[in-house]
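Number of protein chains: 2
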Amino acid sequence: MHSYILELKCSRCGRKYDANVVQSVCTSCGGTLFSMYDIEKAKNKFAKQDLQKRTPSLWRYREMLPVKIEKNIVTLGEGYTPITRIERIGEKLGLKQLYVKDDGIIPTGTFKTRGMTTAISKVKELGISKVALASAGNAGGAAATYSARAGIECFVFMPKDAPESTKKECYEMGAHVYLVDGLINDAGKFVVNGKQKYGWFELSTLKEPYRVEGKKTMGYEIAEQFDWILPDVIVYPTGGGTGLVGMWKAFNELQELGWLDRENKKPRMVSVQSKGCAPVVKAFKEGKESVEEPFKDAQTIAGGIRVPSPYASEQILKVIRASQGTAVEVDDSEIIQSMQTLGKQEGLNVCPEGAATLAGLGKLIDNGWLEKNERVLLYNTGSGLKYPEVVNLPKLKVFSKEVAYSFEL
Amino acid sequence: MHSYILELKCSRCGRKYDANVVQSVCTSCGGTLFSMYDIEKAKNKFAKQDLQKRTPSLWRYREMLPVKIEKNIVTLGEGYTPITRIERIGEKLGLKQLYVKDDGIIPTGTFKTRGMTTAISKVKELGISKVALASAGNAGGAAATYSARAGIECFVFMPKDAPESTKKECYEMGAHVYLVDGLINDAGKFVVNGKQKYGWFELSTLKEPYRVEGKKTMGYEIAEQFDWILPDVIVYPTGGGTGLVGMWKAFNELQELGWLDRENKKPRMVSVQSKGCAPVVKAFKEGKESVEEPFKDAQTIAGGIRVPSPYASEQILKVIRASQGTAVEVDDSEIIQSMQTLGKQEGLNVCPEGAATLAGLGKLIDNGWLEKNERVLLYNTGSGLKYPEVVNLPKLKVFSKEVAYSFEL
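Protein chains in written order, with my numbering: chain A, 1 to 409; chain B, 1 to 409.
There's no promise every hint is true.
No copy labels: a pair is met if it fits in one copy or bridges any two.
Calculated lysine-lysine pairs in the BS3-like style (CA-CA distance at most 30 Å, straight line) [said to hold, decoys possible]:
no., residue 1, residue 2
1, Lys275, Lys401
2, Lys288, Lys275
3, Lys96, Lys71
4, Lys130, Lys92
These aren't lab readings, by the way, just hints derived from the structure by calculation.
Use the sequences and the hints to build the structure in full.
Set out below in structure tokens:
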């Protein structure tokens, strides 16, 4: 088994780069570099049946991932996360085929793991020893985790109001953690500085070529788990958008490989954002090709989608339009209500970003955008367990042990 | 596909019970009831090769699980958790083949899920509508989760000092949560009372037959993931001990099925407990057949193994001795250090109970109980993410965004 990676190619201007040496973004236009594979060759030697005997991890697709030598793979058994049918909620909404892909069931508890297992593996393969990134929390935790596993030094810069759980995660995994009195873009400046001063490799979103390759596996898994017939609609919470862009890349690669059912169209991709930070929704509605200016006063309880100016907005908007998808915004109160609905109705403990997809789905049904018999997949990007601060536990009564046998409801 | 369950049998006195009606414990002697299968029949119709195409969840072994009708399975895609080799730590300890089975990567974040997916499924199959249990936290969270998924009403009684994360989990999943000013056995009295008054089905540890069947899948998975050659030693954190007893049941069933390599012996089973609550270690050393009196002033940061008087102590001690295993105790400070070692050296974010196994392993090496070339598996029972209170985050310095470009390490 080996990787069919050929080279890197700028996703914006098309310029090509050597995949065997360290690269960050396109030196001509600043675009994100995508990994290109020799799919013609892969087609003849790599069959979807080969997957059957493999471990249920995202590395089962390693022919289509950028790591060349198996021993460089830095893994904790991540990926191939469950897809759960939610019939009870589906019935209430009048949908016959409603599913949740649950990336809460993965090391570090969020989908950020996907990007970090591939990026850190490639970092190891390229002989890099120090990495750094700016993170709102979860990406930092995943970078720290996979760096620890690889024996690589990791520097994480976080806004000081990042969730406590992710600060602890970084610390426990031995990363160097620095808090910044500002937003994620302010934290990013520390990374730029340190990169120059100390030679760190920057792992921030879409500033290197390999996190998107890990995110791409979301698309491979969805295809395989639905037996190579893609759903009609995928609803995805959009912050940096690497997942959306990555899934689309996967679907294209799968078509080229000839693995998808021939009649099967690619899904319509729906971006969900919070009203408090909806730059993609705004740009989509206005017919813009990119997010031209940062969304003002960005605020939402779903920290993972509080990205006022996504670096890949051009790519995100292209995917939404190419797929005949759409973009919708939801209230924070709808997000909290959807978390509760998914918990109480289906036993799914999702993160606020994941819950946003159910809230967004409501809008799509209300405005008739969806057919009731379509197969719809909601993407949950992380476990609710990482967001204790979002749950307001009411004061619970404490009972004396003396009243055990006289207790009444 | 169907279940080969035949009947229930008391694990102590051998009395048999009908598996098609609601049962709790043996009405003669109070022993836990075990599910018995028609293995002779299964042998001819169920082959380990059948597993290859199945979903990576513990329900892949459903012929050997008690649920008869597939639509009664209450699942969130749980199980078939990763086994991760820890070479860096292994090398330091002089062990060539050291692994961690990571049950942190599962819905609810702990191994309690295994028992609850099977028990709640069977509860559904038997037409029960209300369940109750006493729990130190994680079992309550898992019961609440699977009850929500099944549409069953769930009553959880917890000591008031149960972890905040598990209280929130129960609440989010729609369970009725009651706090008790006392220990888990005090909470248990409320369940006994409510059972009589309100007809609840009791799900407390080993008070019903089906949680152990879910825990048993730990053994099936270990066997399959190691290609049907069992490890030499399994180190397991022992509280209630259902997992230990369940794995042993699995290994016996697998032998009967003829699925294990013929030369392969069953593993030596090692119980690890905390010095602050080590009733099994004490009984083992004293040559006792059971824990005769509760361990006094039980106290440890590893709440899951704070069980002063395990209901199944007889079974636990039998398994340890039958397997030529042993029992060791560790300090809480060693547990915390092991958590850090697993995080910083291997990127594994484990719970205190899981970390205890690494601390225990140190003792086994120190006293020469282990051969250096033996294959050893440590069992991590949950994610460290559920135990934020165990991590003492030092006060991190906050940097002004103005100093980004002048920042130095």
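Hints versus structure:
1. Proximity of lysine 275 and lysine 401 under a CA criterion of 30 Å is satisfied inter-copy only: 27 Å between copies versus 47 Å inside one chain copy.
2. Only within a single protomer do lysine 288 and lysine 275 lie at most 30 Å apart by alpha-carbon distance; the minimum there is 18 Å, versus 65 Å between protomers.
3. Proximity of lysine 96 to lysine 71 under the C-alpha cut-off of 30 Å is restricted to the inter-copy arrangement: shortest distance 17 Å between copies versus 44 Å within a copy.
4. For the homomeric pair lysine 130 and lysine 92, the shortest alpha-carbon distance between copies (23 Å) is at most 30 Å, but the shortest distance inside one copy (50 Å) is not.
Of the numbered hints given earlier, the model fails none.
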